[in-house]
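Trainee: The chain contents come next:
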Amino acid sequence: MKSKLMSELDNRELNRSLWKDAWVRLSKNRLALFGLITLAFFSVIAFLTPWIAPYGYEEQNLTLGASPPSYQHLLGTDIFGRDMLTRIMYGGRVSLLVGFIATSVALVIGVSWGALAGYVGGKLDAFMMRLVDILYALPFMIFIILLLVVFGRNLLLLFFAIGAVEWLTMARIVRGQVMTLKKQEFVEAAHSIGLPRHTIIIRHIVPNAIGPIIVYATLTVPNVMLLEAFLSFLGLGIQPPQSSWGLLINYGVETMEEYPWLLVFPGLALTITLFALNFLGDGLRDALDPKISKD
Amino acid sequence: MSSRFLLEVNNLSVFFHTRKGVVKAVNNVSFNLKEDETLAIVGESGSGKSMICHAIMGLLTCPPANIESGSIYLAGEEILKSSEKKMRQLRSNNIAMIFQDPMTSLNPFLSVGEQLIEPLIYHSDPTKRMRKDKARLQAIKMLQEVGIENATERLNDFPHQFSGGMRQRVMIAMALIGEPQLLICDEPTTALDVSVQTQILELIKTLQKKLKIGVIFVSHDLGVVAGISDHILVLQSGHAVELDTTEKVFYETKESYTKELLAAIPVGPKKNECTVITDTPLIEVSNLNVFFKPRSAAQSKIIRAVNDISLKIFPGEILGIVGESGSGKSTLGRSILRLLPIESGEIKFSGINLTHLRQKELREFRKNMQMIFQDPYASLNPRMTVYETLAEPLIFQGVANRSNVKNQVISLMDEVGLPKLSMHKYPHEFSGGQRQRIAIGRAIGVKPDFIVADEPVSALDVTIQSQILDLILDLVRRYSITMLFISHDLSVIRSVTDQLAVMKSGKILERERTEELWANPKNDYTKNLLNSIPIPDPKKERARLMDRAKEI
Numbered sequence: 001m002k003s004k005l006m007s008e009l010d011n012r013e014l015n016r017s018l019w020k021d022a023w024v025r026l027s028k029n030r031l032a033l034f035g036l037i038t039l040a041f042f043s044v045i046a047f048l049t050p051w052i053a054p055y056g057y058e059e060q061n062l063t064l065g066a067s068p069p070s071y072q073h074l075l076g077t078d079i080f081g082r083d084m085l086t087r088i089m090y091g092g093r094v095s096l097l098v099g100f101i102a103t104s105v106a107l108v109i110g111v112s113w114g115a116l117a118g119y120v121g122g123k124l125d126a127f128m129m130r131l132v133d134i135l136y137a138l139p140f141m142i143f144i145i146l147l148l149v150v151f152g153r154n155l156l157l158l159f160f161a162i163g164a165v166e167w168l169t170m171a172r173i174v175r176g177q178v179m180t181l182k183k184q185e186f187v188e189a190a191h192s193i194g195l196p197r198h199t200i201i202i203r204h205i206v207p208n209a210i211g212p213i214i215v216y217a218t219l220t221v222p223n224v225m226l227l228e229a230f231l232s233f234l235g236l237g238i239q240p241p242q243s244s245w246g247l248l249i250n251y252g253v254e255t256m257e258e259y260p261w262l263l264v265f266p267g268l269a270l271t272i273t274l275f276a277l278n279f280l281g282d283g284l285r286d287a288l289d290p291k292i293s294k295d
Numbered sequence: 001m002s003s004r005f006l007l008e009v010n011n012l013s014v015f016f017h018t019r020k021g022v023v024k025a026v027n028n029v030s031f032n033l034k035e036d037e038t039l040a041i042v043g044e045s046g047s048g049k050s051m052i053c054h055a056i057m058g059l060l061t062c063p064p065a066n067i068e069s070g071s072i073y074l075a076g077e078e079i080l081k082s083s084e085k086k087m088r089q090l091r092s093n094n095i096a097m098i099f100q101d102p103m104t105s106l107n108p109f110l111s112v113g114e115q116l117i118e119p120l121i122y123h124s125d126p127t128k129r130m131r132k133d134k135a136r137l138q139a140i141k142m143l144q145e146v147g148i149e150n151a152t153e154r155l156n157d158f159p160h161q162f163s164g165g166m167r168q169r170v171m172i173a174m175a176l177i178g179e180p181q182l183l184i185c186d187e188p189t190t191a192l193d194v195s196v197q198t199q200i201l202e203l204i205k206t207l208q209k210k211l212k213i214g215v216i217f218v219s220h221d222l223g224v225v226a227g228i229s230d231h232i233l234v235l236q237s238g239h240a241v242e243l244d245t246t247e248k249v250f251y252e253t254k255e256s257y258t259k260e261l262l263a264a265i266p267v268g269p270k271k272n273e274c275t276v277i278t279d280t281p282l283i284e285v286s287n288l289n290v291f292f293k294p295r296s297a298a299q300s301k302i303i304r305a306v307n308d309i310s311l312k313i314f315p316g317e318i319l320g321i322v323g324e325s326g327s328g329k330s331t332l333g334r335s336i337l338r339l340l341p342i343e344s345g346e347i348k349f350s351g352i353n354l355t356h357l358r359q360k361e362l363r364e365f366r367k368n369m370q371m372i373f374q375d376p377y378a379s380l381n382p383r384m385t386v387y388e389t390l391a392e393p394l395i396f397q398g399v400a401n402r403s404n405v406k407n408q409v410i411s412l413m414d415e416v417g418l419p420k421l422s423m424h425k426y427p428h429e430f431s432g433g434q435r436q437r438i439a440i441g442r443a444i445g446v447k448p449d450f451i452v453a454d455e456p457v458s459a460l461d462v463t464i465q466s467q468i469l470d471l472i473l474d475l476v477r478r479y480s481i482t483m484l485f486i487s488h489d490l491s492v493i494r495s496v497t498d499q500l501a502v503m504k505s506g507k508i509l510e511r512e513r514t515e516e517l518w519a520n521p522k523n524d525y526t527k528n529l530l531n532s533i534p535i536p537d538p539k540k541e542r543a544r545l546m547d548r549a550k551e552i
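Same order as they appear, the protein sequences are chains A and B.
For the first sequence, position 172 (counting from the first letter as 1) is numbered 172 according to my numbering, and the numbering increases by one without interruption.
For the second sequence, position 180 (counting from the first letter as 1) is numbered 180 according to my numbering, and the numbering increases by one without interruption.
Watch out, some of these pointers could steer you wrong.
What the hints assert, rightly or not - Derived DSSO-like pairs: lysine-lysine, alpha-carbon spacing no greater than 27 Å straight-line:
| # | chain 1 | residue 1 | chain 2 | residue 2 |
| --- | --- | --- | --- | --- |
| 1 | B | Lys-132 | B | Lys-86 |
| 2 | A | Lys-182 | B | Lys-367 |
| 3 | A | Lys-20 | B | Lys-86 |
Just so you know, these hints were derived from the structure itself, not from any lab.
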């Protein structure tokens with residue numbers, strides 16, 4: 001009796017699981033879609049930069065000096081006569097990469113640490129959270145400098161190091177969420193049908209804690225981008241003539257009064273990215289909650 | 001307007017304008033209330049009964065709510081047209097409200113006394129404002145009035161130092177301290193134990209007579225209001241179905257919906273009682289102890305939730321456990337399923353000692369024993385579809401494999417009475433009763449021999465309640481499931497169980513065949529408990545309340 005009913009069910013099943021549903025809902029959310037497209041666009045540009053950038057990132061034109069936007073240099077040039085568009089494109093590579101990698105690192109460590117501590121509870125929880133407290137108390141600068149001294153200066157390592165500093169708050173948020181969730185009856189129900197612990201955490205607890213996780217992750221991205229700029233400013237990160245948005249903004253601030261375009265354009269790039277990210281984050285949070293609108 | 005009535009509600013309509021369309025929460029409802037009368041508003045969840053109360057109090061949040069039409073006159077004053085300032089005066093002088101849950105409606109950071117005198121010292125009318133010491137005297141008087149002993153000392157206690165019933169008394173005192181003409185009680189006894197419920201009902205009735213106030217008593221349970229109301233208004237999805245005197249509603253019921261409500265109140269014993277055939281028990285619990293230990297040294301008391309309990313459950317029987325909140329009945333059920341760590345004792349399941357099983361063995365053993373939880377809103381993962389929820393135990397317990405799981409889920413849904421097409425919906429898209437059907441499906445999918453049902457119907461409306469009870473009884477019979485049925489509701493438990501055990505403070509006081517225990521309770525506590533059940537019959541119920549009032 002594989003009748004109409006069954007095929008109907010088959011069809012509906014195709015778009016009904018949390019993730020597929022989320023995608024359907026996300027694609028109906030214009031702001032989130034705008035965010036997603038903007039981020040994708042920026043990422044593609046960042047990836048293709050070495051081939052499509054109008055100039056080289058260290059190409060100087062000292063006779064030009066700092067010149068306002070013109071036909072040759074759409075976004076103007078900096079005080080060494082380097083093309084700003086090119087530098088922003090190259091800067092985007094670093095900034096987007098640090099945003100992505102460091103946040104992912106923070107996400108992975110933070111969520112698993114927090115979920116484990118919150119779920120198991122008791123002595124393990126106390127131990128794990130005291131460790132978090134200790135790391136909180138440690139000046140992160142020293143931590144990163146130590147890492148860089150021991151392992152040598154390496155861009156990827158720097159990204160991981162930043163991620164390794166940013167996971168602490170995430171762990172706390174997730175732990176709190178998990179502690180409330182694990183007392184819910186549906187988690188007890190999962191126990192009573194004999195599911196093993198890790199399955200309960202992955203299938204029942206983490207998906208229900210996803211809202212705050214996403215929101216905090218979108219807040220982490222600008223943090224790590226600015227942290228990278230700060231480290232670079234101290235000479236621990238990216239070195240000139242390489243660039244990142246954070247660094248460009250830092251330099252732009254110094255010459256804000258004479259050459260405002262040096263601040264405005266990298267600032268704009270960062271702002272647009274963060275806006276896009278927040279829209280996408282909010283959209284994701286709503287899309288992953290089946291309770292929110294189904295119209 | 002005429003002053004014959006204290007409260008006049010005329011053609012009141014409250015609509016909610018949402019994106020999905022207009023929800024008519026209250027639709028053209030009219031009623032009157034005299035000064036010394038009690039009107040009961042009865043209806044199932046979503047019938048608009050709370051909306052009416054909030055409209056009278058001027059507490060509707062508009063938007064989303066919108067008062068479409070109608071008028072409410074309180075002592076001749078039109079409430080709906082009053083300014084916010086006027087409303088505040090009305091609230092402090094004329095109307096007071098008691099809420100459902102006394103645990104959440106008192107501020108835990110202020111002493112009871114401070115909360116009681118608040119309306120007096122911050123009275124909206126400056127001439128009526130009292131000095132603090134005078135207000136305190138008034139508060140003490142009021143606490144004595146509602147039956148709280150040592151009122152002077154207890155004034156400085158904080159809400160958590162009172163029990164649930166005492167807190168509701170404090171709430172009543174707080175409502176009455178401003179000497180209102182109208183008292184609105186929004187399900188004041190729903191969150192309370194049955195013996196406490198009777199006391200609160202008595203108290204409201206006595207105070208109403210003594211102070212000559214009008215009372216609106218909102219409830220989902222017709223049985224509760226039988227004894228205290230003069231008139232009953234029955235609501236169904238915003239419409240007034242029936243409005244008449246209590247006697248007429250009960251004895252000369254006109255509307256079919258009211259009849260349905262009355263019929264849904266469980267009365268009488270279980271229809272086909274199970275007679276035990278074997279004498280080898282399926283479940284044998286011996287000397288079980290479950291303690292909750294204090295987290296810090298500050299609270300040094302160990303709570304003995306289950307205190308040295310031994311019991312046997314025979315195959316095919318339904319054993320009921322009844323007790324008030326905190327009696328340890330849920331803890332007992334959960335620890336038999338080994339969902340809670342136990343202190344000492346043994347649990348044998350057809351001879352297998354569950355206390356000795358290792359984690360992995362226990363997980364596999366769970367196929368044989370399942371649980372149905374109280375709150376169908378909390379016991380289903382909100383991010384999993386019905387299909388996922390039902391398929392999960394089947395797959396993990398190896399009852400189904402990937403290829404036939406879908407067919408099994410479909411037949412399971414059929415069995416618990418869920419439409420097949422809703423397979424890929426999420427829990428929030430279902431009503432409470434349907435959700436409980438999902439939860440039942442999850443429990444019976446793996447074909448267990450034993451199920452613990454922990455208050456499976458207490459979160460549901462009466463009419464739904466009887467449907468779910470029928471479903472459970474039907475499934476139990478079909479699959480010869482043995483069941484431990486936990487409930488605080490004596491009428492419900494009588495209608496489903498073969499055997500009944502009464503629990504109090506971690507001990508089983510007595511256990512007997514249900515009907516036997518019903519007819520001849522031996523223990524005083526049991527007698528009192530059975531005496532506390534509200535009778536859905538106005539004359540008998542009034543007599544019962546009178547009798548109890550005399551005893552005290």
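Trainee: Hint by hint, which ones does the structure fall short of?
Mentor: 3
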